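**Q** Chain by chain, the residues run as shown.
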Amino acid sequence: MAVPIQQQSTVRRAIKAWFDPRGRSTGLIAFALMRLSGIGLVVYLLLHLVVLSTLTGAPAPEAWDTFVRMAKHPAFLLLDVILIAGILVHMLNGLRVTVVGLGFGTNSHKGLFWTLMAVAVLLVAYAAWLIFTK
Amino acid sequence: MENQDKLPTYSGTWIWQALTGIVLVILLSLHMIAHHFVVEGGLRTYEDVLRYVANPIIIVLEVIFLGVVTYHAMAGVRAILFDLDMSDRAKTRTTRVLTVVGLILVAWGLYLSFYLFRIATA
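Keeping their order, the protein sequence lines are chains A and B. Using the working numbering, the letters of the first sequence map in sequence onto residues 1 to 134. Using the working numbering, the letters of the second sequence map in sequence onto residues 1 to 122.
Treat the hints as calculated values from the structure; they're not laboratory data. Remember, it's a predicted structure, so these values are computed and weren't measured experimentally. Cβ coordinates follow ideal geometry from the N, Cα and C atoms, glycine included. Worth double-checking, as some hints may not be accurate.
As the list claims (entries may be wrong) - Each computed EDC-like pair below joins lysine to aspartate or glutamate, with the alpha-carbon atoms no more than 20 Å apart:
1) A:72 <-> B:85
2) A:134 <-> A:80
3) A:72 <-> A:62
4) A:110 <-> A:20
5) A:134 <-> B:40
6) A:134 <-> A:65
7) A:72 <-> B:88
8) A:134 <-> B:88
9) A:72 <-> B:48
Said to hold, decoys possible - Which chain B residues stay away from chain A? Per the calculated CB distances, all over 10 Å, these:
10) 55
11) 59
12) 85
Claimed, not checked - Only some residues are given here: those of chain A computed to face chain B with a beta carbon under 7 Å:
13) 35
14) 38
15) 49
16) 91
17) 94
Build out the structure end to end from the sequences listed, making use of the hints.
**A** Take a look at the structure:
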C-alpha cells in the first residue's frame, strides 16, 4: 500500500517532486526532456571541443590514439548511446514543437509526442546495436 | 478579425531556434554519416582524421555546422536562464555573456579546423 505523502521524508518528497513523471501533463514531460537533453548537448559540445583539441597538441597522434583506445571501452560506448538518445529526443521533439508551434497538428500533439518518443527508442536501440557490435 | 487576434505571435528567437534546429538536423546527419559511415568503421586513427579534414568541402560544412550549433546552443541556454525571472538588466548581461561565450567557442572550433586543415594539406 502506498505510504501517505505526509509520512514520507522530506528528501523523498523532494526527489518525487523533481523526478516522478506520474500525473504530469505530456507537455511538461516534453518540456523537461527538451531542456535536460539540451543542457546535456551543450555540455557535450564543450567536451567535444576539448577532446578534439588533443589533435593539435605536441604529441598529437599519440594523444589522439590514447583517447580512441579509451573511447572503445564499453563504459564509454554506453556514454555514446546516451548521447545518441539525447540527440534523438531533442531533435524529434524539436521538430514536433516547430510543427505544432506553426499551427499544424495542434489537436494531436500529445499522440505525436509519444509516437516520436517511440521512434526515438527504436532508433536508440538500433544505434546501440551498431555501437556495441560494429 | 476576432480570429486573427487569437493567432499565435512568434518571437524572433523562437523562429531562429526552429530554423537553426531544422538546419542542424541536416548538418548533424551529414556530420555523423561522414564521420562514422563513409570510411569503413569510422574515423579511428589520427591519419583517418587528417585525410578527412583535407577535403575543403568538409571544412566548409564543419565550420557552418560549428556556427549554427553554437548559436542554437547559446540561444537555448539563454531561454533557460530567462525563465529564472530575471530583471531586464540581468537579461541584457546574460545575452552579452552568452554572446562572448559563443564567439569563444566558434573561435576555438575555427582554430582547430584550420590548424588541422593546414597540417593535412601541407
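**Q** Among all the numbered hints in the text so far, which are the ones the structure does not match?
**A** 1, 7 and 8
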